[in-house]
Each structure stands twice: as C-alpha cells, then as structure tokens.
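Enquirer: Please put together the full structure from these sequences, using the hints given.
Number of protein chains: 2
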Amino acid sequence: MARIVMKFGGTSMAGMERIRNVAARVKHVVSQGNEVAVVVSAMAGETDRLVGFCKEASPLYDAAEYDVVVASGEQVTSGLLAMTLKAMGVEARSWLGWQLPIRTVEAHAKARVSTIETDDLLAAMASGQVAVIPGFQGMMDDGRVSTLGRGGSDTSAVAVAAAIKADRCDIYTDVDGVYTTDPRIVARARKLDLVTYEEMLELASVGAKVLQTRSVGLAMKEGVRVQVLSSFDDPTQEDLPGTLIVSEEEIEDSKMERQLITGIAHDKNEAKIIVTRVPDKPGAVASIFGPLADAAINVDMIIQNDSKDSEETDVTFTVPRADLARSVDILEALKETIGFRRIITDAEVAKISVVGVGMRSHAGVAATMFKTLADRGINIEAISTSEIKVSVLIDEDETELAVRVLHTAYGLDAPAA
Amino acid sequence: MARIVMKFGGTSMAGMERIRNVAARVKHVVSQGNEVAVVVSAMAGETDRLVGFCKEASPLYDAAEYDVVVASGEQVTSGLLAMTLKAMGVEARSWLGWQLPIRTVEAHAKARVSTIETDDLLAAMASGQVAVIPGFQGMMDDGRVSTLGRGGSDTSAVAVAAAIKADRCDIYTDVDGVYTTDPRIVARARKLDLVTYEEMLELASVGAKVLQTRSVGLAMKEGVRVQVLSSFDDPTQEDLPGTLIVSEEEIEDSKMERQLITGIAHDKNEAKIIVTRVPDKPGAVASIFGPLADAAINVDMIIQNDSKDSEETDVTFTVPRADLARSVDILEALKETIGFRRIITDAEVAKISVVGVGMRSHAGVAATMFKTLADRGINIEAISTSEIKVSVLIDEDETELAVRVLHTAYGLDAPAA
Numbered sequence: 001m002a003r004i005v006m007k008f009g010g011t012s013m014a015g016m017e018r019i020r021n022v023a024a025r026v027k028h029v030v031s032q033g034n035e036v037a038v039v040v041s042a043m044a045g046e047t048d049r050l051v052g053f054c055k056e057a058s059p060l061y062d063a064a065e066y067d068v069v070v071a072s073g074e075q076v077t078s079g080l081l082a083m084t085l086k087a088m089g090v091e092a093r094s095w096l097g098w099q100l101p102i103r104t105v106e107a108h109a110k111a112r113v114s115t116i117e118t119d120d121l122l123a124a125m126a127s128g129q130v131a132v133i134p135g136f137q138g139m140m141d142d143g144r145v146s147t148l149g150r151g152g153s154d155t156s157a158v159a160v161a162a163a164i165k166a167d168r169c170d171i172y173t174d175v176d177g178v179y180t181t182d183p184r185i186v187a188r189a190r191k192l193d194l195v196t197y198e199e200m201l202e203l204a205s206v207g208a209k210v211l212q213t214r215s216v217g218l219a220m221k222e223g224v225r226v227q228v229l230s231s232f233d234d235p236t237q238e239d240l241p242g243t244l245i246v247s248e249e250e251i252e253d254s255k256m257e258r259q260l261i262t263g264i265a266h267d268k269n270e271a272k273i274i275v276t277r278v279p280d281k282p283g284a285v286a287s288i289f290g291p292l293a294d295a296a297i298n299v300d301m302i303i304q305n306d307s308k309d310s311e312e313t314d315v316t317f318t319v320p321r322a323d324l325a326r327s328v329d330i331l332e333a334l335k336e337t338i339g340f341r342r343i344i345t346d347a348e349v350a351k352i353s354v355v356g357v358g359m360r361s362h363a364g365v366a367a368t369m370f371k372t373l374a375d376r377g378i379n380i381e382a383i384s385t386s387e388i389k390v391s392v393l394i395d396e397d398e399t400e401l402a403v404r405v406l407h408t409a410y411g412l413d414a415p416a417a
Numbered sequence: 001m002a003r004i005v006m007k008f009g010g011t012s013m014a015g016m017e018r019i020r021n022v023a024a025r026v027k028h029v030v031s032q033g034n035e036v037a038v039v040v041s042a043m044a045g046e047t048d049r050l051v052g053f054c055k056e057a058s059p060l061y062d063a064a065e066y067d068v069v070v071a072s073g074e075q076v077t078s079g080l081l082a083m084t085l086k087a088m089g090v091e092a093r094s095w096l097g098w099q100l101p102i103r104t105v106e107a108h109a110k111a112r113v114s115t116i117e118t119d120d121l122l123a124a125m126a127s128g129q130v131a132v133i134p135g136f137q138g139m140m141d142d143g144r145v146s147t148l149g150r151g152g153s154d155t156s157a158v159a160v161a162a163a164i165k166a167d168r169c170d171i172y173t174d175v176d177g178v179y180t181t182d183p184r185i186v187a188r189a190r191k192l193d194l195v196t197y198e199e200m201l202e203l204a205s206v207g208a209k210v211l212q213t214r215s216v217g218l219a220m221k222e223g224v225r226v227q228v229l230s231s232f233d234d235p236t237q238e239d240l241p242g243t244l245i246v247s248e249e250e251i252e253d254s255k256m257e258r259q260l261i262t263g264i265a266h267d268k269n270e271a272k273i274i275v276t277r278v279p280d281k282p283g284a285v286a287s288i289f290g291p292l293a294d295a296a297i298n299v300d301m302i303i304q305n306d307s308k309d310s311e312e313t314d315v316t317f318t319v320p321r322a323d324l325a326r327s328v329d330i331l332e333a334l335k336e337t338i339g340f341r342r343i344i345t346d347a348e349v350a351k352i353s354v355v356g357v358g359m360r361s362h363a364g365v366a367a368t369m370f371k372t373l374a375d376r377g378i379n380i381e382a383i384s385t386s387e388i389k390v391s392v393l394i395d396e397d398e399t400e401l402a403v404r405v406l407h408t409a410y411g412l413d414a415p416a417a
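Sequence order for the protein chains is A and B. Residue numbers are given in full-length UniProt numbering: position 263 of the first sequence equals residue 263, and the series is strictly consecutive. Residue numbers are given in full-length UniProt numbering: position 133 of the second sequence equals residue 133, and the series is strictly consecutive.
Hints listed in this document are in silico derivations from the structure and should not be mistaken for laboratory results. The beta carbon of each residue, even a glycine, is placed where N, CA and C say it ideally should be. Worth double-checking, as some hints may not be accurate.
[Stated by the list, open to error] So the derived label-pair ranges between C-beta atoms look like this:
#	chain 1	residue 1	chain 2	residue 2	range
1	B	Ala107	A	Glu250	46 to 54 Å
2	A	Ser31	B	Gly128	51 to 59 Å
3	A	Glu222	B	Asp142	29 to 37 Å
4	A	Glu91	B	Gly52	19 to 27 Å
5	A	Ser127	B	Phe289	52 to 60 Å
6	B	Gly33	A	Glu91	48 to 56 Å
7	A	Glu106	B	Ala107	34 to 42 Å
8	A	Ser127	B	Arg184	52 to 60 Å
9	A	Glu222	B	Ala107	34 to 42 Å
10	B	Val105	A	Glu91	18 to 26 Å
11	A	Lys165	B	Gly52	34 to 42 Å
[Said to hold, decoys possible] Partner residues are not named here, just some residues of chain B that face chain A (Cβ under 7 Å, in silico):
#	residue
12	Asn34
13	Ala57
14	Ser58
15	Asp62
16	Ser72
17	Gln75
18	Met83
19	Ala87
20	Gly89
21	Val90
22	Glu91
23	Ile297
Expert: Structure (structure tokens):
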C-alpha cells in the first residue's frame, strides 16, 4: 500500500466523459490498496473564460476578486469528480482550498503555499475515502480566496504530496513522459525513465515544458517523487511507462546506468541585445542591468567582451522576446547616463541547451557541443554554462538542425525500430 | 441614510455589460448616502449548465458535491460585481457564504438559513464598503458548502436583510412590480404600490410568480420590508415605481386608501380528481389523502359532497398536474381498501383566485365572484376559501375570460389612458 497524489490537468477534466475516465483511473489505483488524493484543474478553457470576464470588468481588475472568480473553475471539477467517484462506488469527497485549508502567502493571483492542514484529510484518506482537491486555489491568512498563478495546479499537487508525505505524486498530462528532446523535431527522441529535479528544471526552463517550473522546484525542495504520465493510456495497465523525477541520490542508489547527457532543449522565446561601446569602468554594467531588473525584465545570458586595449566594451545579453521593445525603450532613455554608442537587437535567435548531471564529472561536454555545431557550420552567438547545462545562442533558422545533430552526437538517438 | 439590501437575478447578471449596469445602479444608491449589501444570482443559464454536468455525472448525484458545483455560479458573479464596483471607484468586496458565514441546516441542495454572522459585514458596511454576497449558497455546520434550492437567492437576500436589520430589501427583477393581475391577460392591469405579505403569498402561490414564495414567508416572519423593482429602469430616477411588500399594520398606519380586492390570480398547474362513491364513514377520507401525503403529493382544494341521505359520497380535490398520473396510480392500487367506485380526472381546469386583506371586513366578496362568473356562463367546479382569498376551479378554456370579468367587477381596471 502506498499513499499517492494523482493530478489531472484541464484536458483530462474537459467534460463529463473525460471526468469519468479520470474516475476509472482513480478507482483502479484505489483498488490496488492505495490511499489516494486527487488534485484537479478546471475544465480546459474554463479559466480563460473566467479571466476574460475579469479583463472585461476592468483592465486593472482587483486581484482578490479575480481569485474569487477564477478559483471557481477547480471548485466545479472537484465536485464533479467526487460525485462521479461516489456514483462508481468509490468513497470520495471534495476538499476546497479554504476547507483544508491550504494556506497561502504573498500576493493574490500569484500566491505561494505556506502550510496545508492535513489532520482531517489524512483521517478521511485512512478511512478509505478519496480526497478530491481543487488545484490552483488556497486561502490567505485573512480568510480570502487566493490562487497560485496560471498552471498552479501542478504546484498544488506537489504541495499536497509534501504535506501528506505521499510516496509519489503522479502528474497526468497529454504527453506520456519527459523526452531527451522535442519528439516533433527528433523522431528518434527517447522517453526518459528517470530524470533529476535539477535536470527537469533546466529542461523545463529552456522550453521542454511538461510541468510548471515552480512545481519542480518545490518537489526538489520537499523531496517529493514526481511521476509524469499520460492520462490517455489504459488505466489498468500495470506498469505505466511514465518518467520519474527524483533526486540525484536516489538515481545513484538505484545503480541505473545513465547517459552522460539527459536531454537537449531549445527555446525560441529569447531575443538578443548588444549595447555597443559602453565605457569600461566600474558601475557601467550595473547601469544597464539595474534599470532592466527594476522593470521586472528577466535578463538571461550575459556576455561582456572586455578587450583590454580599449576603454570601451560591448555588452551582449538576452531578454524574453516579449520584453524586447520595452527593454530597448528603457535603455535608450538612459543613453546619456550609461554612455553607450548604440543598441543592436536580434529577435531571431534560439537558445540550445545540453543538460545532464553527468557532465559534472566529465570534461569535454562543452567542447563536443561547439565542435558538433561548427562541423555543420552553425555559428555560436553567445555561450552560458551552469553545473549541469551548456547553452548556446544561435540563428533561429538553425534550431532544428542543431537539436538533431546534438541529439546524435551525445548518443541519445533511440535504436532504429 | 438607510441600510439597504439590493438583490439582482440571473438576467441582470448575464454578462459584463449587464453587470456594469447593476454596478451603476448600486453606485447611485451608495451615492445617496446609503449602506448597501448586494445579493446576486448566477448568470442566467449558468446554474442550468452546472446542474446539467451533475445529472450527466449520475442521475443519483451526491447532494453535497452538487452544492459544491452549483454554488460556483454565484461565486463568479459576486467577484465580478465587486471588481466592477471597485473599477468604478466604489469600495466593495465579495463575502462568500462560508466567509460570513451564512449558516444553514437541513438537507444539501435544499438547505434553510439558520443564522448569519454579521459583525464583520456590518463593520465593513459602516466603513463605506459595499458588501457583495452570492445568493443561493451557505455553509453547513460541518463546514461544507450548501445551497438553498432553485430560486434561493431571493431567500438569501431577505435573510441577509433580516440579519443586518436592513430598512428595505429591494428585489430587482425583469418586471417592474406586482400587478393586480397578469398584464398579458388584462391590458388594464394596474401595478400595486403596496401589497401585504399575506396577499403576496396568495398571489405568488396561485401563479403570479415574481418572488420565490419562501422568501415572502421569511420576509413576513422577520418583518423585512421588500420592494420589487425592475432592473431595466433608469437607475438614477428618484422614485422607482416598484411594489412595496409590507405588513398589514404598516399599510394601516400609512392611512393609504386601499381597494377591497388586491388582485386576481390564475393557476393552470392543477388537475381535478373525483373519487366517486366513497363509503361515508369515519376514516374514509383519511384513507384517500394519507397515501397521497406519504407520496409527497400536494393536495390543494378538497370538496366533499356529503348528501345526508346516502351512505356514499363523492370526494373532489386537486393535485399538481405533474402528479396527476402518479396520484391515480396510488389510488387505484388502494381501490379495495378505500372502497370507491371509480376515479374521474380532468387536467383541463384552472384555479382563479380573488385575493385581498380587505375581504376580512367585507361580506359579499365571494357572492360577487360567483355572480360575475355565472353572468358570463362560467361554470364553477369547486370552491375553496381562506381569510383573504376565494378560489374557484373552472374550465381551463375560460381562464382569460374569468380573469378579465373579475378584474372589472372588483374595480381593478386602470383608468383608460
């Protein structure tokens, strides 16, 4: 017997026929003797509909009332799933965010879970009752409804799993796991059986979106074992072939042989900015990035070409494409203060990342990347590295080519069928 | 300054444009220096949509989860109205059923309000904040969501008005008040300025549906002054020409001259059953009505023609048309026990009622009714009376004719324009 959290997204909850499929899946897991809590999203499209009303009410809508409105979508699906389970003979009840409660802090519409009361919940689960919990929602200390921000149901599921010390948090999505790269680009991409939290974070944040990044960070912090599964597979199948996201230690303990590199990610959502002829003196760089940070613009890669024989330097960095125009406006307004010559922008770039915890103990990962790309004539415009990731910025048109040649170069291609 | 509850139904809340109209109306009442609580229904059609999901989940859906699902409709509109008011510069916040809380008892899906906590609510209202309260919903003692049954938002509004000792409870509907009779039948029907609770109950229960009957009963019990208004009139108009529903004492104190008769109601939802040749002995009548009551069939008019020179009697009564077939089945099954000869049914009947507290002190109201109908050749099939009402059962085809001639006979016709 295990204690399991099952999380279903909006596509899985879109209409009663799908909710019945979800209930059948839950019933199967219960029938195997497990204690189950289910976390559900709103029906696909419902949150957009509710957000649309709020925007129509006022472009500057009140965030506390926004939470009251949009939290209703998950309330509906949690009630519907609980009654469907009961109709199938499975004991169940819904627990709304304020009923547990799931306490949250910080701001409305982007709240963070602080604590979850679990006494009543665990007692009900121990008695054999499935707990159905609406994702996305919680309650502020003042007793008002809060929500966690779009996609927050993944985070709700992980937070519940941490609070009840679940053996596993199964996230059912419309993909059947985490792949070595985007299968739409590389037909021979392989599904990963195991991936570490750190790798998942790097893969998610550079474009391989399966889980909300925040939920992975929370799972890592709380040590929650997360499994990504397809909600469209046969629920009675014994070994669901998902991807398990766990700590590096657990993978090491499992003695499974692992690849040096876990996956190749790509991200077309960045744009490059070059600020030329910035005075090469203390504080000059801060005068660029300080104002961008103040405007909540998330600067990613930064390269400063500091040629020692000049008193000026070019500063290159990337920002989210959506923030490109705003970034340029901010910098142009500060042209005299900063003292640069001009700004060159390029929105048609892509960031390609090679990710894997194995690279910590192996030299040559970056060198292989650079040589592989150079052999195909792909120009590298910027480089950044972390302990488990090497990223390069290239021309957007070469994205797919780069992903494919790297996938092959690191030995990630699945054997031919 | 007064303390006013304003209640808006689903038609008034259907979409942001109408919610903005509601907000403008609330703003106007606030600007006159009043303390305001607003009770709202779900958007028109939304509760039906949610009930549809529940029925799809299971014909025997769990009532507690049904409440979780359907209560969401009012949660959405209360949040949207509060944020719209704030966007218009009016301080406001939503108070969900569990936040006040509005405590309810008895059964899920048909709960009854027991108490409403008002300390926080009154403090907020005293500080100038409009309280927006979702109708229809409350909370059981075990902390679960409850609802009051369809149309329950009128009752919520009256219950809130009673709890905060409001000076008035204004119910905005798609009609502009209570009329002497159905204006679709009598073009010269007049809108009533005043009507007593008792009259309103009789008018509502016999077909002139403007308010949920239960809300009128609660208003009478709690002494809440209710005003029925149109939500489509100009909100800035000084004297909104609604109908005020108050106690008989208040009307007497106001020294307003009143008509003898307040209104003429009709009801086509009954069917007549004649059980012939029932043994005229103690317990015979009970053997008919006991089983019907056990089946929750609401018997209305009852006439027993007890001819002293026979040992058998015919019993005539009416039941809701929807229950006619079931009633006959129940009685036929008991034919031997009861000992009647046969059952004659007629679904094509109408009940016409003359209502007015004035008839208490005036004889001749019933006589006028019988003579007026007889003069037009309308046959009376049954009669029942209460202190403030005389009802007759007639052929359904003669409904409109009967209403028109009675409206004229009692001097209710408006002066010709």
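Enquirer: For each hint, tell me whether it holds in the structure or not.
Expert: Quick rundown of the hints versus the structure:
1. Ala107/B with Glu250/A: 46 to 54 Å: Taking Cβ atoms as reference, Ala107/B and Glu250/A lie about 50 Å apart, which means the hint holds.
2. Ser31/A with Gly128/B: 51 to 59 Å: holds (57 Å)
3. Glu222/A with Asp142/B: 29 to 37 Å: Taking Cβ atoms as reference, Glu222/A and Asp142/B lie about 31 Å apart, which means the hint holds.
4. Glu91/A with Gly52/B: 19 to 27 Å: holds (25 Å)
5. Ser127/A with Phe289/B: 52 to 60 Å: violated (45 Å)
6. Gly33/B with Glu91/A: 48 to 56 Å: Roughly 54 Å apart at Cβ, these two residues keep to the hinted range, so it holds.
7. Glu106/A with Ala107/B: 34 to 42 Å: Hint holds: Cβ distance 39 Å, inside 34 to 42 Å.
8. Ser127/A with Arg184/B: 52 to 60 Å: holds (57 Å)
9. Glu222/A with Ala107/B: 34 to 42 Å: The hinted range 34 to 42 Å holds for Glu222/A and Ala107/B, with Cβ atoms some 41 Å apart.
10. Val105/B with Glu91/A: 18 to 26 Å: holds (25 Å)
11. Lys165/A with Gly52/B: 34 to 42 Å: Distance hint for Lys165/A, Gly52/B holds at roughly 39 Å.
12. Asn34: violated (22 Å)
13. Ala57: holds (5 Å)
14. Ser58: Nearest chain A Cβ about 3 Å off; hint holds.
15. Asp62: Since chain A brings a Cβ to about 4 Å from Asp62/B, closer than 7 Å, the hint holds.
16. Ser72: holds (4 Å)
17. Gln75: For Gln75/B, the interface hint holds, since the closest Cβ of chain A sits about 5 Å away, which is under 7 Å.
18. Met83: OK, holds: Met83/B within 7 Å of chain A, min 4 Å.
19. Ala87: holds (3 Å)
20. Gly89: violated (11 Å)
21. Val90: At about 12 Å, which exceeds the 7 Å cut-off, the nearest Cβ of chain A leaves the hint on Val90/B violated.
22. Glu91: violated (11 Å)
23. Ile297: violated (28 Å)
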